[in-house]
Amino acid sequence: MAKVVTDVVCPFCGTLCDDIAITVTDDGKDIIDCQNACAIGSEKFLKLSSSHGHERVTRPRKRQPDGSYKEITYDEAIEYTAQMLAKAKKTLWYGWASTSCEAMAVGHKVAEKAGTMVDNCATVCHGSSLLAIQDVGVPSCTLGEVKNRADRIIFWGCNPAHAHPRHMSRYSIFPRGFFTTKGHKGRKIICVDCRYTDTAKCADEFIQVDQSYDYELLDAFRTVARGHDIPDFVGGVPKEKIVKAVETLKEGRFGVIFFGMGMTHTLGRNHNVDIAINFTRDMNDYTKFSIVAMRGHWNVTGSGQVLSWQYGFPYCVDLTRRTHARYQPGDTSSVDLLRRKEVDACICIASDIGAHFPIEATRHMAQIPSVCIDPHINLTTEISDVHIPVALVGVEVEGCAYRMDNVPMRCRKVIDPLEGMLTDEELLERIYVRLCEIMGDA
Amino acid sequence: MSEFLIKNGHVFDVVSGVKGDKKDIAIKDGKIVDKVSSKAKTIDATGKTVMAGALDIHAHVAGPKVNLGRWFRPEDKWFRGEMRGGIRKQASRMEQGFSIPSVFRTGYSYARMGYTFVMEAAMPPLYARHVHEEIHDTPIIDEAALPVFGNNWFVMEYLKEKDIEKTAAYTSWLMKMTKGYGIKVVNPGGTEAWGWGLNCLGINDEVPYFDITPADITKGLIETNEFLGLPHSVHIHPNSLGDPGNSPVTLDTMKLASGYKAKNKFGREQVLHMTHLQFHSYGGSGWGDFCSASRDIMDYVNKHPEITFDTGNVTLDETTTMTADGPFEHHLCALNHLKWCNVDVELETGSGVVPFIYSPNVFPCAVQWAVGLELALLAKDPMRTMITTDHPNAGPFTRYPRVFKWLMYKKTRDEQMAAFKNSGKVADATILNELDREITLYELSQMTRAAPAKALGLGSMCGGLAVGMNAEVAIYNIDPAKMPTNPDDIETIFSNAAYLFKDGEIVVQDGQIVSEPAKKTFWVDAKTPESKQVTRDVREKFLRYYTVTQANYEVPDSYAPHPYVIETTANV
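As you go down the protein sequences, you meet chains A and B in turn.
The opening residue of the first sequence carries number 1 in the working numbering; numbering runs sequentially from there.
The opening residue of the second sequence carries number 1001 in the working numbering; numbering runs sequentially from there.
Okay, chain A solo, but in the shape it has when bound:
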């Protein structure tokens, strides 16, 4: 016999689908089946199934002089981490995007005590969006407003068909909502991208912009919306196409722009987001308009939230002064800190420096004392001095996470953690206790 856990929140992407049904064995130790999730989400759950044949690392490992790994106890790993934090002049503590807000709160307590840098995945992702919002604000809405009201949708530089697979069916293109009873038929979809993506295939209008001409094209949108003339081609897009798109948007009752890395990491970066937001502001003079960032990791938004309510900044937080927090992206951002070899220790938690950072940055990380706290083996665990595996939040541990529209969701525990494995929260609490002992004010 088996039992089904319903209303499970999927800990994969910022869409945070919360209608997943997981079939587990009666003893609550193994996953048998996963329903409703997308291909990626299913993999996240089923990977833990014993039938999947996936080998988990269940105890901390320490790298030996010959490069091999040797199993150590949690106590030894905690000792190593606490000593490293106490000794280092400036530790970089990066990641956080795949753990719970509860764990972050404990982690920040440790970071404040030790005086480290604290940064999350926004630093290589939507950090530019955060900078733009700090300049011009953001008129936004929850995804349910999109579902119930929106009749004009723009996907700009994002590809939910691959990155947020259920976004289109749950929120943006297909669902029938309260005022959107016709579903897909009642919506006009515009996709702006430099490539013809699978999302573009679902759009009524595909606008192929020359690579890194997003700013110019958005400027043209604003200019046309305000009733001025534009050149015949902007960013490779013919004038008629731009004029028609803006007319379509103005005719709508409720429009939304979803944007992704294609806007935040092409030339112009935060300036692209800035002008997209200003276009949204302008459009509110004609109709109702919102803009939503397609946040990637399932709880990267949550990391920004917890850092903000504790220190007032969403990422790139410098706690090394011990009396107050500093924030200066470019100066206190992870990649820059590593590239300038400014940090002398590194903890990577619930994320993957090895997979996401430029090689110079990763190389410095591999050369300094480092700890990786992650349930799985990933590129960072393989270059860290110590790998501390933990239970998987959202599958083996419950906890709070924030959706891309900042709606908090309670992730569920589906199965028991493997025997003797610590959760992020427990591990960090124990590091805190040990650190206080070492620093002499327990």
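These aren't lab readings, by the way, just hints derived from the structure by calculation.
There could be a bad hint or two in this list.
With a cut-off of at most 25 Å between alpha-carbon atoms, the simulated BS3-like pairs for lysine-lysine come out as follows [claimed, not checked]:
#: 1; chain 1: A; residue 1: Lys-89; chain 2: B; residue 2: Lys-1089
#: 2; chain 1: A; residue 1: Lys-185; chain 2: B; residue 2: Lys-1541
#: 3; chain 1: A; residue 1: Lys-87; chain 2: B; residue 2: Lys-1089
#: 4; chain 1: B; residue 1: Lys-1023; chain 2: B; residue 2: Lys-1039
#: 5; chain 1: B; residue 1: Lys-1339; chain 2: A; residue 2: Lys-250
#: 6; chain 1: A; residue 1: Lys-89; chain 2: A; residue 2: Lys-341
#: 7; chain 1: B; residue 1: Lys-1039; chain 2: A; residue 2: Lys-413
#: 8; chain 1: A; residue 1: Lys-90; chain 2: B; residue 2: Lys-1089
#: 9; chain 1: B; residue 1: Lys-1031; chain 2: B; residue 2: Lys-1048
#: 10; chain 1: A; residue 1: Lys-90; chain 2: A; residue 2: Lys-113
#: 11; chain 1: A; residue 1: Lys-182; chain 2: B; residue 2: Lys-1255
#: 12; chain 1: A; residue 1: Lys-341; chain 2: A; residue 2: Lys-113
#: 13; chain 1: A; residue 1: Lys-341; chain 2: A; residue 2: Lys-47
#: 14; chain 1: B; residue 1: Lys-1255; chain 2: B; residue 2: Lys-1380
#: 15; chain 1: B; residue 1: Lys-1380; chain 2: A; residue 2: Lys-109
#: 16; chain 1: A; residue 1: Lys-113; chain 2: B; residue 2: Lys-1089
Got chain A; can you put chain B on it based on the hints?
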């Protein structure tokens, strides 16, 4: 638990009826008691003022829009005095931010001022978990949160049918789901209209699609509130906030409450709490002839015991406005052209955030400053008058002591009035110069302690020093016999309590945090007969219109590890 004896202080407490006389206060096991044993620690309060711990009835201190304000305004941390020698870290955690302080600074600053309870003024139900996560992380002070109801689809649909029992069943369910304290109404109908870029400016404007008016929503929710017998009344931010000439809308809104009687077992007498009344007491037809209408408003308030209000005093600072009144924030950003955030929340509400500079050089800002003070000075009943800054909308809560100073010393008001760039024009547009009243320490203890406690239905346990009440005691370095000659001392003294006792323990001494005991989260479990129809409607709306499932909507108990749950029974 420890015992304390506070000796020889000048006690100001309306509950035990002491007006500055010397009286000893004994504390044991977290309560005020008759006497304590000889083991009790004695605190010498000779030449000092003793009051109950203060309560803030309306502040935005936790939740999505507060946090949005924090992170989208790094400048709120950079260019402020705190970074130039003020408090950064004094207790266990770093303190950051000025107009929208971090949770740590929020808890510590309130405690240093002698506050022990704060009501988070607007909780979007869908974001309730976020509000409670922040409340959980805010040290020391007890907190509660008011969920917003005034633009909720369920409420509008039930009230269109004039069905109070269903509205009550839904309200009861939602308060339980969100661990909420009472019924908050923000720009009734207007924020829903903002879903389409529209607004409701008067109480009879129709809400698009829902075929109901702000007046229907307000009256219906007052009836619901009294049907449920909640400790607090409907807490309303009326339509047309901040508009010149909005006082008729405010009067119309207050008239909706006449004829209703408070039905509750908590000693609350009002049926409508008018919040940040300053923003709703304007005359004129535009910014040119903008003027105070505080006299009209207060004439009405003074005659109507069913109304309580808080002031919403402008403090002349750079601050961050944030409200569930989405259309207002859009309007404000069109006025000051600063950055604008908006968050519309499915089926429930919306919100906006815009930075704002209340400059003494700008005529309307100076008028707003005067209006807020006029309201408190014109108020005849201090037990229905509460001092707030609608933190952070009219100014940060850390400026309360400055507001106290203005209220207590006419000469400081005159000095400020004379210092305005347009002082003559401001004086003509306001009546502040005519008001000689100076608020006494006893009146202050009512406006900041007993009045909010009573209005929130907490009068039997908070806001007073009678035997049996919670041992929340603030001691200030003021000798009532020798009031400070320099009014600025008032500000320093009220910013730095000599002592603050919370739950019978010392948390502040000489303006410093000395301990950080567990805080409580208050919420109300309003029991009412279940309605099968409402249960079905809730299920239906979650299946079809929400983007979270019903099972994932509730705020779990773990978010409020030290709850104080008030149970009520419906007046069926």
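Now for the hints, and whether the structure bears them out:
{"no.": "1", "hint": "A:Lys-89 with B:Lys-1089", "verdict": "20 Å, holds"}
{"no.": "2", "hint": "A:Lys-185 with B:Lys-1541", "verdict": "22 Å, holds"}
{"no.": "3", "hint": "A:Lys-87 with B:Lys-1089", "verdict": "22 Å, holds"}
{"no.": "4", "hint": "B:Lys-1023 with B:Lys-1039", "verdict": "19 Å, holds"}
{"no.": "5", "hint": "B:Lys-1339 with A:Lys-250", "verdict": "23 Å, holds"}
{"no.": "6", "hint": "A:Lys-89 with A:Lys-341", "verdict": "12 Å, holds"}
{"no.": "7", "hint": "B:Lys-1039 with A:Lys-413", "verdict": "49 Å, violated"}
{"no.": "8", "hint": "A:Lys-90 with B:Lys-1089", "verdict": "20 Å, holds"}
{"no.": "9", "hint": "B:Lys-1031 with B:Lys-1048", "verdict": "21 Å, holds"}
{"no.": "10", "hint": "A:Lys-90 with A:Lys-113", "verdict": "12 Å, holds"}
{"no.": "11", "hint": "A:Lys-182 with B:Lys-1255", "verdict": "43 Å, violated"}
{"no.": "12", "hint": "A:Lys-341 with A:Lys-113", "verdict": "23 Å, holds"}
{"no.": "13", "hint": "A:Lys-341 with A:Lys-47", "verdict": "36 Å, violated"}
{"no.": "14", "hint": "B:Lys-1255 with B:Lys-1380", "verdict": "19 Å, holds"}
{"no.": "15", "hint": "B:Lys-1380 with A:Lys-109", "verdict": "48 Å, violated"}
{"no.": "16", "hint": "A:Lys-113 with B:Lys-1089", "verdict": "12 Å, holds"}
In this structure, the hints that do not hold are numbers 7, 11, 13 and 15, in rising order.
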